[in-house]
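Student: Chain by chain, the residues:
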Amino acid sequence: MDRTLENFITALRRCGVRISVAETMDALRAVELSGYGDRQMLKDYLSVSLAKSLPEKKVFEVCFSRFFDINYVLVEDILMENDGTSPAIQGAAFLTRALLAGDGGGLALALNEAAGRAEVRNIQYPTQKGLYMQRLFQELGMERLDRDIRRLAEEESPDAQAQVKALESMRDNIIERVGNLIERQLELYAGRRLDEAFEGYMKNASLSALDERDLARIHKIVQRMIKRLKDRHSRRQKAARRGHLDFKKTLRQSLTYGGLPFDTRWKSKKIDRPEVIAICDVSRSVSNVVRFLLLILYSLNEFIPRIRSFIFCSNLVDVSCLFEKYQLQEALARLRSGTDIPILMNRTDYGVSFLDFKDQYSNCLTKRATVIIMGDARNNYWNPRTEVLRFISERCRRLIWLNPETPSLWGSGDSEMKTYLPYCNVARECSTLHHLEKVVEYLLRVN
Amino acid sequence: MSIPTDKFATVEGVRLGLKDVGYIANKQIAHTVYLAYHLGKPVLVEGPAGVGKTELAKAAAAFMDVPLIRLQCYEGLDESKALYEWKYGKQLLYTQLLKDKLDKIIEGQTSLAESIDKLHQYDDIFFSPQFLEPRPLLKALQEKEGAVLLVDEVDKSDDEFEAFLLEILSDFQVSIPEIGTIEATSRPFVFLTSNSTRELGEALRRRCLHLYISFPEQNLEREIVMTRVPGISERLTGQLVSFIHQVRKLDIKKVPSISETIDWAKTLVILHAENLDKELVRDTLNTFLKAQEDIRVTEEKLFTLTENALREAP
Numbered sequence: 001m002d003r004t005l006e007n008f009i010t011a012l013r014r015c016g017v018r019i020s021v022a023e024t025m026d027a028l029r030a031v032e033l034s035g036y037g038d039r040q041m042l043k044d045y046l047s048v049s050l051a052k053s054l055p056e057k058k059v060f061e062v063c064f065s066r067f068f069d070i071n072y073v074l075v076e077d078i079l080m081e082n083d084g085t086s087p088a089i090q091g092a093a094f095l096t097r098a099l100l101a102g103d104g105g106g107l108a109l110a111l112n113e114a115a116g117r118a119e120v121r122n123i124q125y126p127t128q129k130g131l132y133m134q135r136l137f138q139e140l141g142m143e144r145l146d147r148d149i150r151r152l153a154e155e156e157s158p159d160a161q162a163q164v165k166a167l168e169s170m171r172d173n174i175i176e177r178v179g180n181l182i183e184r185q186l187e188l189y190a191g192r193r194l195d196e197a198f199e200g201y202m203k204n205a206s207l208s209a210l211d212e213r214d215l216a217r218i219h220k221i222v223q224r225m226i227k228r229l230k231d232r233h234s235r236r237q238k239a240a241r242r243g244h245l246d247f248k249k250t251l252r253q254s255l256t257y258g259g260l261p262f263d264t265r266w267k268s269k270k271i272d273r274p275e276v277i278a279i280c281d282v283s284r285s286v287s288n289v290v291r292f293l294l295l296i297l298y299s300l301n302e303f304i305p306r307i308r309s310f311i312f313c314s315n316l317v318d319v320s321c322l323f324e325k326y327q328l329q330e331a332l333a334r335l336r337s338g339t340d341i342p343i344l345m346n347r348t349d350y351g352v353s354f355l356d357f358k359d360q361y362s363n364c365l366t367k368r369a370t371v372i373i374m375g376d377a378r379n380n381y382w383n384p385r386t387e388v389l390r391f392i393s394e395r396c397r398r399l400i401w402l403n404p405e406t407p408s409l410w411g412s413g414d415s416e417m418k419t420y421l422p423y424c425n426v427a428r429e430c431s432t433l434h435h436l437e438k439v440v441e442y443l444l445r446v447n
Numbered sequence: 001m002s003i004p005t006d007k008f009a010t011v012e013g014v015r016l017g018l019k020d021v022g023y024i025a026n027k028q029i030a031h032t033v034y035l036a037y038h039l040g041k042p043v044l045v046e047g048p049a050g051v052g053k054t055e056l057a058k059a060a061a062a063f064m065d066v067p068l069i070r071l072q073c074y075e076g077l078d079e080s081k082a083l084y085e086w087k088y089g090k091q092l093l094y095t096q097l098l099k100d101k102l103d104k105i106i107e108g109q110t111s112l113a114e115s116i117d118k119l120h121q122y123d124d125i126f127f128s129p130q131f132l133e134p135r136p137l138l139k140a141l142q143e144k145e146g147a148v149l150l151v152d153e154v155d156k157s158d159d160e161f162e163a164f165l166l167e168i169l170s171d172f173q174v175s176i177p178e179i180g181t182i183e184a185t186s187r188p189f190v191f192l193t194s195n196s197t198r199e200l201g202e203a204l205r206r207r208c209l210h211l212y213i214s215f216p217e218q219n220l221e222r223e224i225v226m227t228r229v230p231g232i233s234e235r236l237t238g239q240l241v242s243f244i245h246q247v248r249k250l251d252i253k254k255v256p257s258i259s260e261t262i263d264w265a266k267t268l269v270i271l272h273a274e275n276l277d278k279e280l281v282r283d284t285l286n287t288f289l290k291a292q293e294d295i296r297v298t299e300e301k302l303f304t305l306t307e308n309a310l311r312e313a314p
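Same order as they appear, the protein sequences are chains A and B.
Quick note on numbering: this note's numbering labels position 63 of the first sequence as 63, and the sequence is numbered without any gaps.
Quick note on numbering: this note's numbering labels position 282 of the second sequence as 282, and the sequence is numbered without any gaps.
Hints were generated in silico from the structure; no laboratory data involved.
Don't be surprised by glycine CBs; every beta carbon is placed ideally from N, CA and C.
Any given hint could turn out to be false.
Claimed, not checked - Computed footprint of chain A on chain B, listed as stretches where at least three residues anywhere in the stretch have a Cβ under 8 Å from a Cβ of chain A:
id, stretch
1, 22-31
2, 37-45
3, 203-216
Based on the provided sequences and hints, a complete structural model is requested.
Tutor: Written out as structure tokens, the structure is:
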């Protein structure tokens, strides 16, 4: 198989583009048609056969230019203005000769081969840059170049001195360019791996110390989980129970054909689209995880069409419209600062908040609705009003409580979790992405 | 594919051929059509609404001189609407008409079992191709001279239908239980379009070449307007395309598409406009902006937008 294409596909895969064997075959045939001569054509052909969505196209653009620019730029930058008439030196190394003769093609070839032998493709972490640079220099024969330069320097003639000067600056160029080359290879091949490592770390890190910078990446991870949940739901909308004849419908249909049951009708089971009501605590006691909770809330809003979102502290407020209007950062900032939201940030009162919900929004409680409550159930010793939660629980299909505290702390101090527990269909700890993933998996199972 | 190969000899030939039938393709589109022909693969076209996704399929059909068979997808589309259906009415009518004939056939038989045996010799009559109503997909497979099959807005269909499409797209054959497997006499050239209202499955994407069409560059769009709207001056085209490109950068709900640019150009030609001016633009804004909110936003910046457009194409 075409080595260049193989390397390019490896680079694309490492950057997160999923490429199947069939697509590789397509790309091969496309390259056979185009060859490597026409850059635009090559790019278009590879783009339509390898990158199959808009985000992938963007990754492809970056990868393509990184991958196919490496060889061209490098050589031209290294070679200096050189008349190519320098006298050949006895017993000089290949590299020295190529540099002095201004042999761009040979140099490019040598660099490429050296990079291949040094296995630069396998670079994974930024800390390995030095190592791979050394290997590449070794393969390229930099030592011999140095030796030649030293030997030339010992000669007295002005010709030799000029050559030494030229060679030295070209050597510096090589060092700089090879550094860039390794850098690019790192971006090309290791981009995805870093992401994977990050994801692995993030999944188990407690999200109380969630950094502003990481928000976007975590958002992506959360999005993917919730999308899985949603996909599963939408796919199961029409689970047909094949094999069960619907007598009533068939008889009704057969009237058209004079009683002959031509058109048979079968029983099918319809599963409703989910209706979700999400209620999130934003009080000070959960201030360290509130951003994470709101992130979940936001992602739910992105994917589930019929969702009502509420936040509460001393009272409860409907914030559904906020998620449609603003981007993630803006929405979170608004939710946290309480801009334009009539929320009272005194002491948390679950009882009053539930009562608010019952009084104002109980009409959205239907037999199809799933209620998700996110909060630590720390009620400052106010009246927990379990009867209100019971009212809610009885009127919805399912009540899920996600608590950022570990179960061993539930019920300690002012936590009312133990009192609320009987009315929850599910109560889970949820303070890391790993927990969230478990919750999502659980939801997928019972559905 | 029985479409003449000489039309697909070079990429440039494809581009010019599409231009002849009124579709101005950029290099990327021409490359894709060329490659799709040579690989024999379906093309999945994505992009914002109104950039000419459907138009591409129509132009390709005109260019290859084969019929265009269109399947519009919607929620609840199923096999009977997309592939084939039995003509119940005809079947019923024929059984009634042939009642006497059937009586005669089973006349001599004494027992029920014998009559059924006798009938079994003829059972395929009512489930034969004569009683088959071909729907777009089957029709596309049956076209002898090849066809362009356009599966429009495939994202609007259900997941099940998408899965069902896979068989046709990879093997170009369908199986009808009563008749058997029907293979394509000549492979149709398939275009699928999507507006990304729903994420399409990986499997479908893998089987297709993927083309993303975004809004065209200014000079390409100028060329499109010039071809589509005969009698428009070059200067006016430059101004209105520049204006539209600025509007696309504004924060509005529904950005004007190419078809709306063309509509606007036609309107201006009818109004005998030679130049853009503020009043004219204000009066004709509703030809390319379809939401009151968008019109308001654009009107606020009308002066600067018009000035810029006039400066760019004096």
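Student: It remains to establish, for every hint, whether it holds in the given structure.
Tutor: Hint-by-hint comparison with the structure:
1. 22-31: n = 3 at 8 Å, threshold three: holds.
2. 37-45: holds (count 5)
3. 203-216: holds (count 8)
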